[in-house]
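A.B. asks: Construct all of the structure, not just a fragment, from the sequences and the given hints.
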Amino acid sequence: MHMSEKEVLDILGQKVGLGESAKVSFNVAKLHTQNRIDVPVIIERSKKPGPTILITAGIHGDEVNGVEIVRQVIAKGINKPKRGTIICVPVINVFGFIHMDRLFPDGRDLNRVFPGGKGGSLASRVAHKLMTQIVPHADLILDFHTGGADRFNAAQIRIVKNEVVLDELAQVFGAPFIFNSKNLNKSFRNSCYKLGIPMLLFEGGKSFHIDNTITNTGVNGVKRVLNHLEMLNRKFKVSRPKKQCVRITESKWIRAKYSGMFKPTVNVTSKVEKGDVIGNITDPYGSFNHFIKAPNNGYIFNVNESPIIYQGDAIFHISTKLED
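Counting from 1, position 144 in the sequence shown corresponds to residue 125 in this note's numbering; the numbering is continuous, with no gaps.
No lab work stands behind these hints, which were simulated from the structure alone. On a predicted model such as this, the values are computed, not experimentally measured, just so you know. If a hint is listed, it holds; no wrong ones were tucked in.
The calculated DSS-like cross-link candidates involving lysine-lysine, where the alpha carbons are at most 25 Å apart (straight line), are: (1) 29 x 61; (2) 57 x 29; (3) 28 x 216; (4) 29 x -13; (5) 99 x 110; (6) 4 x 216; (7) 218 x 28; (8) 302 x 223; (9) 163 x 302.
Here are the simulated distance ranges between beta carbons: (10) 291 x 80: 24 to 32 Å; (11) -5 x 29: 15 to 23 Å; (12) 16 x 219: 37 to 45 Å; (13) 162 x 130: 17 to 25 Å; (14) 101 x 17: 15 to 23 Å; (15) 162 x 289: 25 to 33 Å.
C-beta atoms are modelled at their ideal positions from N, C-alpha and C, and glycine is treated no differently.
C.D. replies: Here it is, written out as structure tokens:
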């Protein structure tokens, strides 16, 4: 691996030698009150050289569950490698995190402005700094996300199709689902893909919410990947995934035919058959009750947990094609 064997890691103006730990500031911009805002970048290096893994979360400021996974990785000391280097950035969009907002103060979605530019919008500058000063050190990136709004995502790893390295690592991670999804234009994942740096993108849970199952799946997945790369500290045990991993190659959103009060009757990760009732929509006056039926056999891997929905809202994500 190219970058990894370096004796000294020169990152954000600080030099970190083998066997050293460091907390480096990813300084972005001041708040409007002139308070400095520093995103801590937590670096742990083994005395033994090896790969460099970058673990990130909080590209969207409301995706607290992803941040919690990275927090636990650090708090438990999983980020102290047996060989190589682990760099953790628990909250990339700290502005959004402060305001409990998905976006940047300039109203931009950070995950749609990569690779960014030095003289662009605030979000664009942050993307640029991340891509030029942190990402080039990495041999592999684990990026943690959470379902948007009230849509609860089953724990899943998202990768593009037919990438041998990613396929293997996604299997190793051991989330219940691997979802083949295209790299979105101007996303963090796409920009890393263009640099040839593999990324496992984890999705799980819903915004403003911490779910223990999702958190545990994420932390266990990190341990399995590190163990696979012979980087996991000896004191940690690696568990086998509880479920056989399902690979989803194609899927569709089931949308609400009516506005009303919504109750899903299946759990996220459920296997359903065509025609099964998976939820219902009612009105406050008890005058109508619409049953939502599965349009095909498949797995439900995202459920909208909002009690009030409008016609056309995405309420379930169902697989339409699995890889054998």
